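Taken in sequence, the protein lines are chains U and Y. Here the first sequence stands for residues 33 to 226, numbered as in my numbering. Here the second sequence stands for residues 2 to 326, numbered as in my numbering.
Watch out, some of these pointers could steer you wrong.
Stated by the list, open to error - 25 Å max Cα-Cα, derived SDA-like pairs, lysine to any residue:
hint	chain 1	residue 1	chain 2	residue 2
1	Y	LYS72	U	LEU216
2	U	LYS222	Y	PHE116
3	Y	LYS217	Y	SER295
4	Y	LYS72	U	PHE220
5	U	LYS222	Y	PRO13
6	U	LYS222	Y	LYS72
7	U	LYS222	Y	TRP317
8	U	LYS222	Y	VAL136
9	Y	LYS67	U	LEU224
10	Y	LYS67	U	LEU216
11	U	LYS222	Y	TRP63
12	U	LYS222	Y	GLN121
13	Y	LYS67	U	TYR223
14	U	LYS222	Y	LYS217
15	Y	LYS67	U	VAL105
The set of hints was computed from the structure by calculation and includes no laboratory data. The structure displayed is predicted, hence computed values, not measured ones.
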Amino acid sequence: MSKIKLLTDGFVKNNPTFVLLLGMCPTLATTTSAINGLSMGLATLFVLVLSNIVISLIAPVVPDKVHIPVYIVVIATFVTLLQLLMQAYTPAMYETLGLFIPLIVVNCIVLGRAEAFANKHGVGESALDGIGVGLGFTCSLTILGLVREILGSGSAFGWNFIGGHDGMLAFVMAPGAFLCLGYLMVLFNKYLKK
Amino acid sequence: MTMDKLLVSPNPHIHAPVSTKSLMRDVIIALIPAVICSFVFYGWREILVMAVSVASCVLLEWAITKYMLRKPSTIGDLSAVITGILLALNLPYTTPWWVVMIGAVVAIGVAKMTFGGIGQNIWNPALVGRVFLLVSFPTYMTTWGAPQGVVDAVSGPTPLGAIQEGLMQGASVQELTSAFNYKDLLFANLGGSAGEACALALLAGFVYLCCRKVIKPWITLSIFATVALVSLAFWAADPTRFTDPLFNLLTGGLVLGACFMATDYVTSPMTLWGGVIFGVGIGFLTMMIRYFGSYPEGVSFAILIMNSVVPLLNMWFHQKKFGRK
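Build out the structure end to end from the sequences listed, making use of the hints.
Here is the structure:
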């Protein structure tokens, strides 16, 4: 598999949000605005790349019977690291994302890539795979967040363009998340995934 | 669409002149008294809301079938017209035109055509449009203008809204309901959605539909009965906290919802007992939302929730095949 393909697979063919439907919980819950979606994506990218690297290194010596607990411990370590870093350097974002940062531990994308890719491949390939899938996730979440922010609050990346009016509040709430996700999935699968 | 030409059914084959179009025409006729009433009470602005709503529903359905689905257009069956009328009857007459258009887009585009058009939708399109607007634009959707048509009328919030507001301020239900006259509720002198204007006009339409055998009365009657029984039980237990049965039957969108929204062919169960359970569920949920929910009115939510379990009801209550025990 070429290096480029490893990177691009995560965007289109194995897009975690629109094709694999993994990590739906942060996808639906945190994409109330483009910035929130972007930061959730980047946080997951951080954990994904580091856990992929470490798991690809330790996979040969981990006994098969306990491999899932071991992987989870590795992932949880990086999530705790991320949580403390965000609390220290981006407290506002830490407040906004709240519970969903510790929940990255149980994000099925992270464990899924560890199981399906990192434990069978080398360090370099696993890192590239982590970057590809992580960026794909970040992009999808940003697009979803952007669409919901434009429709729901009438702004894009915090820049308000409808003046004093209200947006369609439903799009900021849960039903709007499902609606937008559904329609974006339709568009994605019709036009991008050939 | 080729399946339309291939109809397989057991004998004997009797041809009846009933088509989707003729049924929908009857529903429109049944809605005429309610439309006239809403005009009488709310004036020209209500007609404008209705015109925008019907026009955008029909245009949107035509555009989607022509340019996105590339199928023969289905606007000829008049179902989009009904969705438009019902949506307009579900909105306050002061709704701005662009909010009405967004409601039409959600009703036809999201709730109906996304699922494959008439016959395939899980939820009643007009109600999905209304609930979407209610959640999205609470300010427009709960600013009830006073009726300002040709009749003298009182202004103010909807009766149910006033009760909930009053209860929060610690007043008792008796003081609050005494402000409303049941005759007014029946003949409409109140603020509210256009379709809530006159219960009697809606009931007239319902009786017409039943006489023409367009709808079966089971669903509507079981909704009314459940609402009456549930509110009777609560009211008997504590008349200072809960409103009485007659008030609950006549206020809000209950009559409109029970007569015209819950009985929609596509989104209601096919059999008698399925329909009765569907109606009981709507009545019960409506009363629970009215008494304990954060919204003053719950008919539309109740109908949408029960719409979602219709496939299950159809599975549990089969139609008995002819000749089978």
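Hints, one by one, checked against the model:
{"no.": "1", "hint": "Y:LYS72 - U:LEU216", "in the structure": "holds, 23 Å"}
{"no.": "2", "hint": "U:LYS222 - Y:PHE116", "in the structure": "holds, 17 Å"}
{"no.": "3", "hint": "Y:LYS217 - Y:SER295", "in the structure": "violated, 33 Å"}
{"no.": "4", "hint": "Y:LYS72 - U:PHE220", "in the structure": "holds, 23 Å"}
{"no.": "5", "hint": "U:LYS222 - Y:PRO13", "in the structure": "violated, 45 Å"}
{"no.": "6", "hint": "U:LYS222 - Y:LYS72", "in the structure": "holds, 18 Å"}
{"no.": "7", "hint": "U:LYS222 - Y:TRP317", "in the structure": "violated, 36 Å"}
{"no.": "8", "hint": "U:LYS222 - Y:VAL136", "in the structure": "violated, 30 Å"}
{"no.": "9", "hint": "Y:LYS67 - U:LEU224", "in the structure": "holds, 24 Å"}
{"no.": "10", "hint": "Y:LYS67 - U:LEU216", "in the structure": "holds, 22 Å"}
{"no.": "11", "hint": "U:LYS222 - Y:TRP63", "in the structure": "holds, 22 Å"}
{"no.": "12", "hint": "U:LYS222 - Y:GLN121", "in the structure": "holds, 22 Å"}
{"no.": "13", "hint": "Y:LYS67 - U:TYR223", "in the structure": "holds, 20 Å"}
{"no.": "14", "hint": "U:LYS222 - Y:LYS217", "in the structure": "violated, 42 Å"}
{"no.": "15", "hint": "Y:LYS67 - U:VAL105", "in the structure": "violated, 55 Å"}
This entry does not satisfy hints 3, 5, 7, 8, 14, 15, going by the numbered hints stated previously.
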